[in-house]
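Going line by line, the protein sequences match chains A and B. Heads up, my numbering is the position in the first sequence plus 1294, with the first residue counted as 1. Heads up, my numbering is the position in the second sequence plus 3, with the first residue counted as 1.
Bear in mind the hints are in silico, worked out from the structure with no lab data behind them. A quick note: this is a predicted structure, and the numbers were derived from the prediction, not measured. Mixed in with the good hints there might be a few duds.
Below, simulated DSSO-like cross-link-like pairs (lysine-lysine); rule was C-alpha separation at most 27 Å, straight line [unchecked claim]:
no.: 1; chain 1: B; residue 1: 88; chain 2: A; residue 2: 1414
no.: 2; chain 1: A; residue 1: 1370; chain 2: A; residue 2: 1477
no.: 3; chain 1: B; residue 1: 10; chain 2: A; residue 2: 1570
no.: 4; chain 1: A; residue 1: 1684; chain 2: B; residue 2: 88
no.: 5; chain 1: A; residue 1: 1713; chain 2: A; residue 2: 1773
no.: 6; chain 1: A; residue 1: 1425; chain 2: A; residue 2: 1457
no.: 7; chain 1: A; residue 1: 1342; chain 2: A; residue 2: 1331
no.: 8; chain 1: A; residue 1: 1777; chain 2: A; residue 2: 1684
no.: 9; chain 1: A; residue 1: 1331; chain 2: A; residue 2: 1477
no.: 10; chain 1: B; residue 1: 10; chain 2: B; residue 2: 42
no.: 11; chain 1: B; residue 1: 76; chain 2: A; residue 2: 1570
no.: 12; chain 1: B; residue 1: 88; chain 2: B; residue 2: 42
no.: 13; chain 1: B; residue 1: 42; chain 2: A; residue 2: 1570
no.: 14; chain 1: B; residue 1: 42; chain 2: A; residue 2: 1415
no.: 15; chain 1: A; residue 1: 1370; chain 2: A; residue 2: 1713
no.: 16; chain 1: A; residue 1: 1438; chain 2: A; residue 2: 1413
no.: 17; chain 1: A; residue 1: 1684; chain 2: A; residue 2: 1713
no.: 18; chain 1: A; residue 1: 1888; chain 2: A; residue 2: 1606
no.: 19; chain 1: A; residue 1: 1332; chain 2: A; residue 2: 1811
no.: 20; chain 1: B; residue 1: 42; chain 2: A; residue 2: 1413
no.: 21; chain 1: A; residue 1: 1438; chain 2: A; residue 2: 1417
no.: 22; chain 1: B; residue 1: 5; chain 2: A; residue 2: 1684
no.: 23; chain 1: A; residue 1: 1570; chain 2: B; residue 2: 5
no.: 24; chain 1: A; residue 1: 1417; chain 2: B; residue 2: 42
no.: 25; chain 1: A; residue 1: 1438; chain 2: A; residue 2: 1332
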Amino acid sequence: MLIALAGNPNTGKSSLFNAITGAHQHIGNWPGVTVEKKEGFAIFEGEKIKVVDLPGTYSLTAYSLEEIIARDFILKEEPDVVVDVIDATNLERNLYLLTELMELTDRIVVALNMFDEAKKKYKIDVEKMRKLLGLPVVPTVAIKGVGVDDLLREAVRGTFHPKKIDYPEDVEKRIEALENLLKNLNIKNPRWHAIKLIENDGEVRRKIASLGSKNILHMAEHMRHEIEDIYGDDIETLMASFRYSFAHGLFHEVAVPLNVGGVTITDMIDHVIAHKIFGLPIFLVVMYLSFQFVFTVAAPFQDAIDLIFNGKDLASGGHINGLIDLSYNWMASFLPAWASSFINYGMFRGLAAVLTFTPIIMLLFFILSLLEDSGYLARVAFLMDRLMRKIGMEGRGVISLMLGFGCNVPAIMSTRALKNERERKLSIALNPIIPCGARIQVFAFLTSIFFKENQALVLWSLLLLSMAVVAILGYIYSKTIFKGEGEPFVMELPPYRVPSLKGITIHMWEKSEGFLKKAGTIIILAAGIVWLAAALPWGVEFGGKESLIGQFAKFMAPIGAPFGITPEAIIALFFGFFAKEVVIDVFSVLYGSKDVLLAAMSPIQAYSLLLFILFYTPCVATLGAIYEETRSLRFVLFVILEGFTLALFFSFLVYNIGSLLGVGV
Amino acid sequence: MKLSELKPGETGVITGVSGSGSIHRRLLSMGILPGTIIKVARYSPFGDPIEYEIRGVFLSLRRSEANYVEVEKIVPLYLIPPGEKVKIVVLDGGVGFVRNMSRMGIIPGREVEVIRPCCPMVVRTNLGEFYIGRGEAYRIYVR
Chain A
1295 MLIALAGNPN TGKSSLFNAI TGAHQHIGNW PGVTVEKKEG FAIFEGEKIK VVDLPGTYSL
1355 TAYSLEEIIA RDFILKEEPD VVVDVIDATN LERNLYLLTE LMELTDRIVV ALNMFDEAKK
1415 KYKIDVEKMR KLLGLPVVPT VAIKGVGVDD LLREAVRGTF HPKKIDYPED VEKRIEALEN
1475 LLKNLNIKNP RWHAIKLIEN DGEVRRKIAS LGSKNILHMA EHMRHEIEDI YGDDIETLMA
1535 SFRYSFAHGL FHEVAVPLNV GGVTITDMID HVIAHKIFGL PIFLVVMYLS FQFVFTVAAP
1595 FQDAIDLIFN GKDLASGGHI NGLIDLSYNW MASFLPAWAS SFINYGMFRG LAAVLTFTPI
1655 IMLLFFILSL LEDSGYLARV AFLMDRLMRK IGMEGRGVIS LMLGFGCNVP AIMSTRALKN
1715 ERERKLSIAL NPIIPCGARI QVFAFLTSIF FKENQALVLW SLLLLSMAVV AILGYIYSKT
1775 IFKGEGEPFV MELPPYRVPS LKGITIHMWE KSEGFLKKAG TIIILAAGIV WLAAALPWGV
1835 EFGGKESLIG QFAKFMAPIG APFGITPEAI IALFFGFFAK EVVIDVFSVL YGSKDVLLAA
1895 MSPIQAYSLL LFILFYTPCV ATLGAIYEET RSLRFVLFVI LEGFTLALFF SFLVYNIGSL
1955 LGVGV
Chain B
4 MKLSELKPGE TGVITGVSGS GSIHRRLLSM GILPGTIIKV ARYSPFGDPI EYEIRGVFLS
64 LRRSEANYVE VEKIVPLYLI PPGEKVKIVV LDGGVGFVRN MSRMGIIPGR EVEVIRPCCP
124 MVVRTNLGEF YIGRGEAYRI YVR
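So that you can see chain A by itself, here it is in the shape it has in the complex:
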């Protein structure tokens, strides 16, 4: 048996999906598009039920990808039952989609979700609703798992005698006439096709035209003009009005509001949170606290993972072996040293690096889900839309950019929230410019050595520069290579809700797991390559002057010179490609002590290097995420090129102007 879940966004559809399928789910994409597809299984009374979560939509027109996916699935896959998940606290608007679904299929079970909250707002007569719709109606509270069994029972055994959505006589008789003609064409669901033809739905018109019935199209067009003349408005407005008046009527029949004219809690909260003046500072504070939370909680986990895998150098000069060292020793007993070294100090260490920044990624996803499920994200989009539009994105784009300060990987994955493909790509192209937590660590390390007195100032200059570059590039990109129309921004500001920990945890796992599986492989492979570059030809000092990378650095030295970048720094940058924080380790190894490092570079050279680190290619993990999200190698190359261009430009500029003026030489 196949069940499809349909419904508006923000109705708790995902929670219901989780409640029905539990852990038995699979996340992928709908064929050919980046819209997420979730499938899962449930066993109910011995029957195996496949559940597909359709994209959340407000209607079923042919104007958006999500809507086309949802309606095509119902038309072509013919699920045994469609569950319409309705936010019972917001009945009227949610019933509109039901009217469209009822034209598409007879077998619908209505889930009145968030019923507990709705009861505080209205008195809802579920029995009456059943009778008026002729469909099973089941109250549910998905986040608590209430009503799920009833829902499945109705899906398996329910009876469906749906009422027709009634249109005015003048319209109804035309729909019926067209319906009869379509019946002759042997089309399934002729009524729906008739209605869509009258509505002038592009997809359906093409479909009927391909069947060679120009006649029907002409007739539908004629009818459309007649209806528009009778009612004096355009067909889309009219049809939507007819459906909404059904929804409106039904709503007032089954729900009695408990308090009229009162101010809702959401409105009270928004009075402060979405305030014209306080809104933005509050947003900045929320982001600051979120990052504090992420880094504070992640730090001990990261240290522990690092200790377990990499062991620890003792102050006395000794070394406590980590898992990697132990594994190396063990493998070296039956493998040649180079093979054991490659497997352990190359690939295994790559895996360890992935695991080390997993806590950050998981926590960032945790925060993202928390902001989203509570309803705050929609407010951020509302507050920031005007500013973000200047750099070619809608308000939600700011979240991806902010997440970038934590880690570019979840940041790039979060661009999925942007509905428009162009805005998404623009957002992905800009994201690597935002310095992630790892780069900020490197900055902190280098500035603590070279700019002891002005450390904060230098750090701030880097952060501000990155933001300025994002703004300028965003502006330029949105006027040139990522030019185009934006999506309609008509966006719901859902009521604030206390998110369910379970829902957030599931979300966090899904995302992090997806990243670890996909990007993890790429990172481990890249780690192997980096090891080869540092270890070959076999026998040289690891990463030393004779190694491939050492020779490369020597070869590159004349090119680095105009930027003030030393051969040692080139080696560090090379390793930084694998994970940015590694730059610190490489400097420590190559220079031995901080004093040597301080003597090796002038302040202007150091600053030039900081700029280079800020911009040059994103790390392997980020590139992996970019590839996953765009499925385009060209795009990945573009981002690398963008990074190097910016890095070379700013380093060259600063180093040479600085040297000319004699600043910090």
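Take the given structure of chain A and dock chain B to it, following the hints.
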């Protein structure tokens, strides 16, 4: 007037929705339809987008999108001071509410005069003088 011209706290009734393609459909599917009551909840920091309340839902619309929506400004009867004569524009409620109101002569298009402020309010219609409760006075919109 255009929806974008309403100020925070003001209410309007929609008289027309223009625009084309996806934006038109999107507005309609969110229930932005002729005859519907819409209220300005608040402006964002830059005065754009604007938050509206419609059918019990809060929506954010950009100014450019709100420009496609024509409205007529209305006020709830609740706010009308005694002695003033106003015209009923729209009743915000179901069939039952509309029926109850019409029994008192409170019908869209008719004129009523406020005799006493809330609560309860007293209004004079062509059928006589009637008491109106607070809940009702909030749902009767006049011009």
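A quick look at each hint next to the structure:
no.: 1; hint: B/88 with A/1414; verdict: 37 Å, violated
no.: 2; hint: A/1370 with A/1477; verdict: 18 Å, holds
no.: 3; hint: B/10 with A/1570; verdict: 13 Å, holds
no.: 4; hint: A/1684 with B/88; verdict: 48 Å, violated
no.: 5; hint: A/1713 with A/1773; verdict: 19 Å, holds
no.: 6; hint: A/1425 with A/1457; verdict: 9 Å, holds
no.: 7; hint: A/1342 with A/1331; verdict: 20 Å, holds
no.: 8; hint: A/1777 with A/1684; verdict: 12 Å, holds
no.: 9; hint: A/1331 with A/1477; verdict: 33 Å, violated
no.: 10; hint: B/10 with B/42; verdict: 9 Å, holds
no.: 11; hint: B/76 with A/1570; verdict: 23 Å, holds
no.: 12; hint: B/88 with B/42; verdict: 23 Å, holds
no.: 13; hint: B/42 with A/1570; verdict: 17 Å, holds
no.: 14; hint: B/42 with A/1415; verdict: 20 Å, holds
no.: 15; hint: A/1370 with A/1713; verdict: 25 Å, holds
no.: 16; hint: A/1438 with A/1413; verdict: 16 Å, holds
no.: 17; hint: A/1684 with A/1713; verdict: 18 Å, holds
no.: 18; hint: A/1888 with A/1606; verdict: 19 Å, holds
no.: 19; hint: A/1332 with A/1811; verdict: 17 Å, holds
no.: 20; hint: B/42 with A/1413; verdict: 24 Å, holds
no.: 21; hint: A/1438 with A/1417; verdict: 21 Å, holds
no.: 22; hint: B/5 with A/1684; verdict: 24 Å, holds
no.: 23; hint: A/1570 with B/5; verdict: 22 Å, holds
no.: 24; hint: A/1417 with B/42; verdict: 24 Å, holds
no.: 25; hint: A/1438 with A/1332; verdict: 20 Å, holds
The structure does not agree with the numbered hints 1, 4, 9 stated previously, though it agrees with the rest.
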